[in-house]
Structure formats: C-alpha cells, structure tokens
Amino acid sequence: MAKEQEVNSDSVLESLGIKAKLSSPEHPILDMPTSPQEAHDSVARVTFEARIGDMLHPQNKRPRDRIFTFNLTGLRSALSSKWEKSTKKVHSRLHNILEESMITADVYFQKDDVTYFFILSDIDLSMAQLKMQVIAQDMRMAIAGTNEPSLITVQDVQVSWPKQVKLQDTPSKDDVIRTMLSTEDTHRQFLYNQAQENSAGQLFADVKFIYRPMLAVRTRVISTYICIPIKPNGHGGYFSGYEMLGAHPSIDNIFELDSLTQEAVNNELETLIHSNLRSLLALPVHFETLASHRRQQYLTRARELFENHTNRIVYELVGVPDHIPQSRMLEFTAALKPHCRAIMARFPPTHGAFESYRSVGLHAVGVDLYSPNKTEKAMLKTLEQFIDHAHQTQLRTYAHGIHSISLYTSAVCAGFDYLDGYALSSVVDKAKDITSFSYDMIYQGIHDKNTARSVTAKE
Amino acid sequence: MSRILVIDDEELARFTIREILESAGFEVDEAENGRIGVEKQQATPFDLIITDIIMPEKEGVETIIDLKQEFPNLRIIAISGGGRTRNLDFLKLSERFGASKLLAKPFTEGQLLEAVAEVMNA
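Chains as they are written, first to last, in the numbering used here: chain A, 1 to 459; chain B, 460 to 581.
No wet-lab data here; the hints were simulated from the structure. Worth double-checking, as some hints may not be accurate.
Said to hold, decoys possible - Partner residues are not named here, just some residues of chain B that face chain A (Cβ under 8 angstroms, in silico): (1) Ile495; (2) Glu498; (3) Pro515; (4) Glu518; (5) Val520; (6) Ile524; (7) Gln528; (8) Asn546; (9) Phe549; (10) Glu554; (11) Phe556.
Ideal placement from N, C-alpha and C gives every residue a C-beta, glycine not left out.
Sequences are here, hints too, so could you generate the full structure?
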C-alpha cells in the first residue's frame, strides 16, 4: 500500500511540474542548506510533498485538504526589466504576507520564480477560495499598488485519486462571497438570519454578560473587569460581542446591544459598590452608536446611570474605521469623557497612524489578538508592530485575547500596559476586587500542575 | 562529542549560535520553538539546551519548566534580548525554574562559549 501511495503522489507532483524527488540522491535538495531561507524552503517543500502523499493515501479519512496555486507571470510582465533586480525583494515581501496569513496547519511553498503552491486545511471550499483571493489581493496591492487580477492569478488544483490533476481558475473574491451568501445552512447565513429576521427583542432575549479581568502590567494588579455580552450560538458555544449581530449589523441593533451592556455594567457597578469592592468596569461602545442619530440617547442614559460613579467606568471605543480624522475622534472622546474615568480605543492590528490621536483624550490604544486564522508567529509580529507605532506617540497600549503563555511573555516584554485573555485569567460571571499579580504566577501554575501530574503517575 | 540543542524562533540567531558551537567542536541541533525543542529532547536527549525566552507556540520559561520536569539533571542556558527591562525579568524568572545560566542578547562568541564551558563543567 505504501508503494502505491508513493507512486500516486509522485504522479500528482509531476503533473504539477514538481519533478525532483526529495529523497532521490541525484537531487541536491537534501544537501545541507547554505542559508536559513534555503533551509526554510526545503522544509516547506518536504512538508508539501508529505501532505500530498497523505491526501492521496487510500485510507485517508480526513476531510480533503484544498490545494491552490498562484501564478505571478502577469506580475513579472508588468515589472518587465525591473523583475530581475527586484525578484528577491518581491518574494521576501510575499513570504511576509504569507507568514501573516497562513495558520500552522496550512502549507505553502515556492516552486519557482512565478509559482506558489498552497494546501489549506480543514475549511470549506468557499472559505479556502476566499482566503486565497484575499491573500492574492494583498500581494498585488503590496507589490504593484493595484488589485489587477491578471498580475497574480489564483487557481484551484483539483486532485482525485489515483492521479488526476486539474487546474481551474478560482472564482473572484466577490463571486466567492456571493456564493457563500447564497448557500443555505452556513454559519454566516445563520448569523445573518439571526440579525436580520429576528426582532430586536428576540435577538437579545438570551444575551448574558461576563467579565474579563484585565492586568495592568506596570503595577501588576488586576483592577479592571471588561464587560462582554455573549449569546448561545446554537452549536454549544457562544457568540461574543458584536459577532452576535451578524456580518452586517444595523445601527439600531448595535445601539441596542451597547445599551444593554451599559445597563448590565450599571447593575454590576451597584453590586461592587454595595460589596465595597474597588475595581473598575470597562464597557465597549461601538463607533456606529456614537456616529449615528442614537448617540444622544446613549449618552443621556450614560449620564443617568453613572453620574456619581464616573471614576469607576472605562469606555472602550470599538469598530473605529481606519484613519478616522482626529477631529472625529476628538468629538467621540469629548462626548464620552464626562461619563467615565478613561477612554480606550481598539484598532485593527495593522493600524499604524496613531500620531493624530495623541492629544484627543485617549488613555490607551489596543488590539484584539483573537484571530483563528493567524499563526502565533504572525501574532507576535503584530504585537511588535502595533506597539512600535503606539509607543512613538506615547499612548498607553492594551491587548485583548492573550490566549497562550507565549503571547503573554511576548506582550509583557514588548511593553504592553494592559493585557487580558485566557492565559492570564478565566472570564468570570461577576467582577471581583482588585487583586495583585506577579509575572511568575502563571509559570508557578504550570510547574505545580506538572509536579502534581508526576506525583500521580508515580502513585 | 557533546550534543547541544538551540531553541530560538529567529533563524539567524540559531544559525549564528550553531556556527559558533560547531566551530568549537560541539554537535548541534536546532528547534524553532519550545514545543519542537521538547519533542527533540524526548526523542534524542541532549547534553545541554540553549533556549530563547520569547518564542511562539511554547516560550522559554514554559519550555524550561517542562524540560526540568522530565529531565531534572538537564543543563539549560536561557538567552533573551537584553534591551528591555521586562525581558531581563523573564530571564531571571527562568533561573528560578531551572536554567543553569542566563545570557542577555547581544552576547559575544567568547561569552557564549564561556557560558557553555561553565555549565558543561559544573
């Protein structure tokens, strides 16, 4: 069986123009690499070939991976005489984009100067096609400054056992999105339906609120609890925050959710005060709520609720569009400031233009690291880039979604001021009092768990 | 010949440390994060492990805790960028959980070899 598998994967690789066999002594690819890049390329290629073999194995029970190819011939023609000189830089830039876009289970390798191959794992075909088209778009924009499709063409590689290989143009991004929206019974459709068809009352009927502790790194205390609305997603899990409103929420639904959160925070604040607990409560407010005709209604209620306790409230502005003018941001901070102790604003991870926000009354700028499509390596890079930009303007910084020890260490060392996420602490139903925190608490937990496991094993 | 495993997510850092150590006669292997490092140690144990602190997948202190749990006598040198105060805090923390020696980046070839000799002869 193993022999059969080898023959078939070889045939497929040859059909894709990948003729050299890694294990073959006449090909030098297994020689010691002479540079880190060469070492990386060799590993990428070995991994790719192994995955092809795995896919074609007759006993493979996994959902079929998706194979794609990028062709850069159009880009080479467009750059004409500049191509020779800039090839290295072009590929270096493309590799960076790929490192940021691919998850660990995805594989890619560069076959030659104009061809890349990809294997995407465990996502449906439309999602895979969309991901490839978005990556190709990022590449075209990064290199040529235009999204002309012919610069980098994307094709699905359809492989069927035993050795049939067919290349077919991948539908455009817009077509893929249309297909996804027209497909019934998808997760997106479920969200869309929830948001569009339910009345506001039904939509928010089963919303609950949880609190995420936020660590102040400099003072090493957990002093703030962030209120997060959640809603059962029908599959045993929960939608968190604005996710529950679907892909294109209405302004009214955003306002309703913000208002419910505001009420929940007020209730929680009363409990804290009653129990003599000193922690702060943070709550999200969406850009659309403050930019719409519902703003005054929201702010009036904020004044009524928090009038005597503004020093316990922190607003987090979310959904802020990229490159919003300074005057617009100032308008929002000025509107919120009378009702709170501080205002933070969450930005997309790639945002770099903080200069104009230095003097608009923001206490901190932040980023959400929850992104199932990013590798940890890419997230670490995001952290570094984000904080470099933010620190140039001396704004304080925060990061949501610290879900691993690696992210925790990196974020602390990068200089973030506030952090939260599962790696630091679980979410809680009720906000608690201010508690101290030390860098080693997390490690001590791992150490103690290891020791306990070891003792149990010996017993 | 003593075997050393270098765990660091920066390819160039691994490459440089490997060059220095191989020139000094050591057999060297590499891992790009702590998870792979622990797997390599479990597969073919090394005499010494040099690990960075800030890495994706599994960072340095966690790696040291796991390695010392399974290999209590394993010698480990922890390395990290010395430019930031908080990096040094984590470097010191790694000593508490079992690193035999700490080196703040950037370090010279001499400092690296001296640290390796000190730990190997301890």
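Does the closest beta carbon of chain A sit nearer than 8 angstroms to the beta carbon of Phe556(B)? holds (6 angstroms)
Does Asn546(B) pass the interface hint, meaning its C-beta sits closer than 8 angstroms to a C-beta of chain A? At 5 angstroms from the nearest chain A Cβ, Asn546(B) passes the 8 angstroms test, so the hint holds.
Does Glu554(B) pass the interface check with chain A, least Cβ-Cβ distance below 8 angstroms? Hint on Glu554(B): violated, closest Cβ of chain A at ~11 angstroms, above 8 angstroms.
Go through the hint on Ile495(B) and say holds or violated, using the shortest Cβ distance to chain A against 8 angstroms. violated (11 angstroms)
Restraint satisfaction for Val520(B) [CB to CB of chain A, less than 8 angstroms]: holds (5 angstroms)
Interface hint for Pro515(B), Cβ within 8 angstroms of any Cβ on chain A: holds (4 angstroms)
The hint names Gln528(B) as touching chain A; please verify it with the least Cβ-Cβ distance against 8 angstroms. holds (4 angstroms)
Hint validity - Glu498(B) Cβ closer than 8 angstroms to any chain A Cβ: violated (15 angstroms)
Go through the hint on Phe549(B) and say holds or violated, using the shortest Cβ distance to chain A against 8 angstroms. holds (6 angstroms)
Chain A contact restraint on Glu518(B) - CB to CB distance below 8 angstroms: At 4 angstroms from the nearest chain A Cβ, Glu518(B) passes the 8 angstroms test, so the hint holds.
Verify the interface restraint on Ile524(B): the C-beta must sit less than 8 angstroms from at least one C-beta of chain A. holds (5 angstroms)
The structure fails hints 1, 2 and 10 (numbered hints given earlier, in ascending order).
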